[in-house]
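A.B. asks: The chain contents come next:
Number of protein chains: 2
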Amino acid sequence: VNSGGPTGADLDAFLDLALHLADAAAPVTRSYFRRPIDVDAKSDRSPVTIADREAEQAMRTLIEAAFPDHGIVGEEFGATRADADYVWVLDPIDGTKSFITGKPLFGTLIGLMHRGRAVLGVIDHTILGERWIGVAGRPTTFNGEVVESRKGRTLDEAWMYATTPHMFPDGYDAEAYARLCEEVKSPVYGAECYAYGLLANGTVDLVVESTMGAYDYCALMPVVEGAGGVITDWQGRPLGLEGDGRVLAAGDAELHRAAMELLSA
Amino acid sequence: VNSGGPTGADLDAFLDLALHLADAAAPVTRSYFRRPIDVDAKSDRSPVTIADREAEQAMRTLIEAAFPDHGIVGEEFGATRADADYVWVLDPIDGTKSFITGKPLFGTLIGLMHRGRAVLGVIDHTILGERWIGVAGRPTTFNGEVVESRKGRTLDEAWMYATTPHMFPDGYDAEAYARLCEEVKSPVYGAECYAYGLLANGTVDLVVESTMGAYDYCALMPVVEGAGGVITDWQGRPLGLEGDGRVLAAGDAELHRAAMELLSA
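As you go down the protein sequences, you meet chains A and B in turn. Position 41 of the first sequence, counting from 1, maps to 41 under the numbering used here, and the rest follow consecutively. Position 5 of the second sequence, counting from 1, maps to 5 under the numbering used here, and the rest follow consecutively.
What the hints contain is simulated information worked out from the structure, not anything from laboratory work. Fair warning: this is a prediction, and the values are worked out from it, not measured in the lab. Please note that the accuracy of each hint is not assured.
Heads up, the list lumps identical chains together, so a pair's fine if it works in one copy or across two of them.
[Said to hold, decoys possible] In silico SDA-like links for lysine to any residue, alpha-carbon gap of 25 Å or less: (1) K185 - H166; (2) K185 - T164; (3) K185 - T154; (4) K185 - G4; (5) K185 - D170; (6) K151 - R35; (7) K185 - A258; (8) K185 - R138; (9) K151 - S264; (10) K151 - A65; (11) K185 - G171; (12) K151 - P139.
Kindly generate the complete structure, drawing on both the sequences and the hints.
C.D. replies: Structure, rendered in structure tokens:
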């Protein structure tokens, strides 16, 4: 009756692993955060690159041990068995610039896709001690408490986040984003994946981004959706491992529709 | 021999008060942070306005009791005895948009000016449990540990913060900022006063902002300067209670000079 999707017991087992992954990545990222090393570019020897790789390797090892037939797509080490039924999508440090500059808003993203559909997502902010958990068909939790996105906001009442206005390529993306900026209550910057968590919590209404990779958004989808929000690309299509990199998340479907109209105007 | 400036004992007494002010503001701002109230504009009844006012009132009461002849300039209640030798400059919640959207990067700013010169500054991030203390002639501390700004970075190696690119008025400010954006390693957004703390810690190299009030920057000056950084307006003039709202902070004097040249090019 569940058409081949994960059972509740499957999801419990996957969630158990996902939490272990977050717990394994956390001490690695913590140990390199604000470490005073002179090399801070994204070179092989930079703390952020070392932390990224060590954390992803730790998570990959745990996945291989628990579910050797699952696929893995990671920001650092690429794709392994990406055509498997289940694919883990990992970003050990989302918010590289936050990490490099000592701002504790970077997060570890752990997503699980089943045949192209996101069924589980964890957003873990280890420095802040804050963790969002989204599981398909279950309510999203923030540090163990159920959260809900804010409903009923119009565009002019909406608090909108993007990581930076510079993330929108000149032309279509930048123009569409500029249109939205003029209509919302206020654009706010610099929260990376944290903004999607705040949207799930009901204190942010819109997040609009572009040039995103699958590892940037797969974990976010179950978190946003389990809180009652909507997250798609700018045309309203579901996000998947392949995509055009454009992401639009909203507290409710009506605000999502209004933002989509402006983006494609 | 100290030409009428505060003695070490004076500064100790002022610092003691400043820490009491931060401790008094913290429970107020904490209690309103992420409080689910529907009104979130800067109206009289919004949580951020209520928290701002209650926190500033609590701090004013303590100052009046300890040093009744000192002046006070606050974001919420304006100026009292602004021509006194000593003037406290208060911003209970710097980073209103962070506060409103549930992002814990807002800070409480407590500055003390002596005849127009900043002699003490506290940047307190109560949700993060992080506090910077700057006292004229003493090294800046971050949670009790001495910190130093990063030296020797060139513009193209510099991590630069601004709260938002939308803070620069069209024309001179926006054009000057755009020139700087093109030369630095990366512009990053959304940290408000926290960015100046990170500059003191040596993980951020430049902060450039405009349209700032005295309550936005007075507390930052001793923190930045005590860590070895430089903070002035865009022409290199000292910041004071009166100013044109433009602020430039850098990890060292050479980077500051290079940024200044580009801003006024």
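A.B. asks: Within a copy, between copies, both or neither: where do K151 and S264 come within 25 Å Cα-Cα?
C.D. replies: Classified as within; 23 Å inside a copy, 46 Å across copies.
A.B. asks: With identical chains treated as interchangeable, where does the CA-CA distance between K151 and A65 reach 25 Å or less: within a copy, between copies, both, or neither?
C.D. replies: neither (41 Å within a copy, 46 Å between copies)
A.B. asks: With identical chains treated as interchangeable, where does the CA-CA distance between K185 and T164 reach 25 Å or less: within a copy, between copies, both, or neither?
C.D. replies: both (17 Å within a copy, 15 Å between copies)
A.B. asks: Evaluate K151 and P139 at a C-alpha cut-off of 25 Å and name the case that applies: within, between, both or neither.
C.D. replies: within (16 Å within a copy, 48 Å between copies)
A.B. asks: With 25 Å as the alpha-carbon cut-off, assign the pair K185 and D170 to within, between, both or neither.
C.D. replies: both (23 Å within a copy, 20 Å between copies)
A.B. asks: Measure nothing new, just compare the shortest in-copy and cross-copy C-alpha distances for K185 and H166 to 25 Å and report within, between, both or neither.
C.D. replies: Classified as both; 20 Å inside a copy, 13 Å across copies.
A.B. asks: Check K185 against A258 for me: Cα-Cα at most 25 Å, and say if that holds within a copy, between copies, both or neither.
C.D. replies: Classified as within; 14 Å inside a copy, 36 Å across copies.
A.B. asks: Since the copies are identical, ignore which copy is meant and state whether K151 and R35 lie within 25 Å (CA to CA) inside a copy, between copies, both or neither.
C.D. replies: Answer is between; shortest inter-copy Cα gap is 16 Å, intra-copy 41 Å.
A.B. asks: If the cutoff is 25 Å on CA atoms, where do K185 and T154 land: within, between, both or neither? Let me know, please.
C.D. replies: Answer is within; shortest intra-copy Cα gap is 9 Å, inter-copy 37 Å.
A.B. asks: How would you label the pair K185, G171 (within, between, both, or neither) given a Cα cut-off of 25 Å?
C.D. replies: The answer is both: 23 Å in one copy and 23 Å across copies each meet 25 Å.
A.B. asks: When no copy is specified for K185 and G4, does a C-alpha distance of 25 Å or less occur within a copy, between copies, both, or neither?
C.D. replies: neither (43 Å within a copy, 49 Å between copies)
A.B. asks: Should K185 paired with R138 be assigned to within, between, both, or neither, using CA atoms and 25 Å as the limit?
C.D. replies: Cα proximity of K185 and R138: none, with 31 Å in one copy and 42 Å across.
Hints 4, 8, 10 from the list above are not met by this structure, while the remaining hints are.
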